[in-house]
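J.: Line order of the protein sequences matches chains A and B. The first sequence runs 1 to 279 under full-length UniProt numbering. The second sequence runs 1 to 279 under full-length UniProt numbering.
Calculated from the structure, these hints are not laboratory results. Please note that the accuracy of each hint is not assured.
Heads up, the list lumps identical chains together, so a pair's fine if it works in one copy or across two of them.
Using 27 Å as the maximum straight-line C-alpha spacing, the simulated DSSO-like pairs for lysine-lysine come out as follows [as the list claims (entries may be wrong)]: (1) K60 to K38; (2) K84 to K270; (3) K127 to K186; (4) K127 to K43.
Now for the letters of each chain:
Protein chains: 2
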Amino acid sequence: MLDYPALIALAEIIRRGSFEAAAAALGVTPSAISQRIKGLEEKLGEVLIQRGPPARGTAKAMRLVQHLDQVRLLEQALDPTAPKPTLRIAVNADSLATWFPPVMTALPVLYDLLIDDQDHARDWLGKGQVSAVISSDPHPVPGCEVTPLGHMRYYAMATPDFIARHFAGGITAKTLAAPAVIFNHKDAAQSRWARLQTGQRLHPTGHMIPSSEAFARAVELGLGWGMIPETMARPPLAHLNADLPLDIPLYWHVQRAMRQSLAPLTRTIKERAAADLRP
Amino acid sequence: MLDYPALIALAEIIRRGSFEAAAAALGVTPSAISQRIKGLEEKLGEVLIQRGPPARGTAKAMRLVQHLDQVRLLEQALDPTAPKPTLRIAVNADSLATWFPPVMTALPVLYDLLIDDQDHARDWLGKGQVSAVISSDPHPVPGCEVTPLGHMRYYAMATPDFIARHFAGGITAKTLAAPAVIFNHKDAAQSRWARLQTGQRLHPTGHMIPSSEAFARAVELGLGWGMIPETMARPPLAHLNADLPLDIPLYWHVQRAMRQSLAPLTRTIKERAAADLRP
Chain A
1 MLDYPALIAL AEIIRRGSFE AAAAALGVTP SAISQRIKGL EEKLGEVLIQ
51 RGPPARGTAK AMRLVQHLDQ VRLLEQALDP TAPKPTLRIA VNADSLATWF
101 PPVMTALPVL YDLLIDDQDH ARDWLGKGQV SAVISSDPHP VPGCEVTPLG
151 HMRYYAMATP DFIARHFAGG ITAKTLAAPA VIFNHKDAAQ SRWARLQTGQ
201 RLHPTGHMIP SSEAFARAVE LGLGWGMIPE TMARPPLAHL NADLPLDIPL
251 YWHVQRAMRQ SLAPLTRTIK ERAAADLRP
Chain B
1 MLDYPALIAL AEIIRRGSFE AAAAALGVTP SAISQRIKGL EEKLGEVLIQ
51 RGPPARGTAK AMRLVQHLDQ VRLLEQALDP TAPKPTLRIA VNADSLATWF
101 PPVMTALPVL YDLLIDDQDH ARDWLGKGQV SAVISSDPHP VPGCEVTPLG
151 HMRYYAMATP DFIARHFAGG ITAKTLAAPA VIFNHKDAAQ SRWARLQTGQ
201 RLHPTGHMIP SSEAFARAVE LGLGWGMIPE TMARPPLAHL NADLPLDIPL
251 YWHVQRAMRQ SLAPLTRTIK ERAAADLRP
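Here chain A stands alone, though its shape is the one from the complex (with noise of 0.2 Å):
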């Protein structure tokens, strides 16, 4: 078997960063902390630790805290009372925007959401870094299982000041030249947008502004033209063509071997994308 105590003191230094804050939190000493690494590296034969300032796991010293993670939800079902374990979870900015929240009420755990904003979520399944992932990534990971779970619903919205000012001649290649807010490099929901309504392939330009509800604020400030998810559409702000959304796909990706662990968090995330998400 694995040494146990020494996985629990391995994801307290990752997870806060130092041996010292890991050993005030487990109420041993610094040098009772280092012993267990060290014991657990040489057994390995691997290093674990990055030794910062902060303190960083290896791939392999991940790999082992989700194992943990896994034994200590097992460990949860046979006994209530255990200690709650750990989730990590990648959620994508939007959807921890609107739906997702309350489905965390779902599982007795401690959760540790990561917000996929920069295309990671994959590589942090593929690693196991994370149990599970909502992204608009169809394609599934090796290892894990992926389930639909809809098409999260966006407008073209700005505000009506904006809309005179800028659209007044249409919404065309030309007047789509005006500033967009755009939530960062990867965001492509503007020009996806932007080529249905126009045909042609275009490359708005404006302001980066990647958390959703600033993202909505500064639509809402009159500082561009967006992509607003339905669910977030409010005065001030209106369409720029309420005829033309554009449906971003959400699936559900989760380790096989979290399968049976994670079943109740997604039932309530399938029944919560069935009556928020568009089918």
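The hints should help you fit chain B onto chain A, whose structure is shown.
T.: Then chain B, alone, in the frame of chain A:
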């Protein structure tokens, strides 16, 4: 003089992540873009782009793009009809979620916001990768000016149900073992408040939710207690101890070379901070 068309190409490649996207945005061929970059690299005697994907700028390239943005801001002051320059700023997540967005209307620029949730802002500022930063770090960065803005006030909050279940025995070192909501591994607000409350060094553990709004929603959903900015406090959130706020100072750091161009933004930020933050 520097080759400004080449700098414009460099900036577009870095912003868009590829030579092709930069070429499309500028309405020229990819080979024209390649030649501009090659010429610039030969003249400066160093590589500027790490060919990707995505293509990334070197530290030198980031300084050149920063310089281009400065020149464009100066041109904008001469001629308001000139193309809008880009202004790259790092903002802490809670400011972006509360008082910051309206100040963006103060300058006719395109904002490229970075969220500083990992203490990278000093580094970005020192390397010239951002022109200005809002952070809780009071220490000036060489070549930059720092202006204190006041304090963001936080309260420890949870749902009434969570408080009844976990804190019936008072708010003590023992009861503060209840699950907390924590922004990320760098977020010391919960442990700082727990120390103020109990006089002991505690290490609250719980959910990691790295989005200001989702953090507040997680607390509202009863997943844990957490430090909420006073302007985000709303039912059903209730105080753990309404007499014990935690005040976090905020500072505006500006590259000295950008001071004059950014004066209208600095003035608006100071006004807004005076209205929305604590002294």
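J.: Each hint: holds or not?
T.: Evaluated hints:
no. : hint         : result
1   : K60 to K38   : within (15 Å within a copy, 40 Å between copies)
2   : K84 to K270  : within (23 Å within a copy, 44 Å between copies)
3   : K127 to K186 : both (22 Å within a copy, 24 Å between copies)
4   : K127 to K43  : within (21 Å within a copy, 42 Å between copies)
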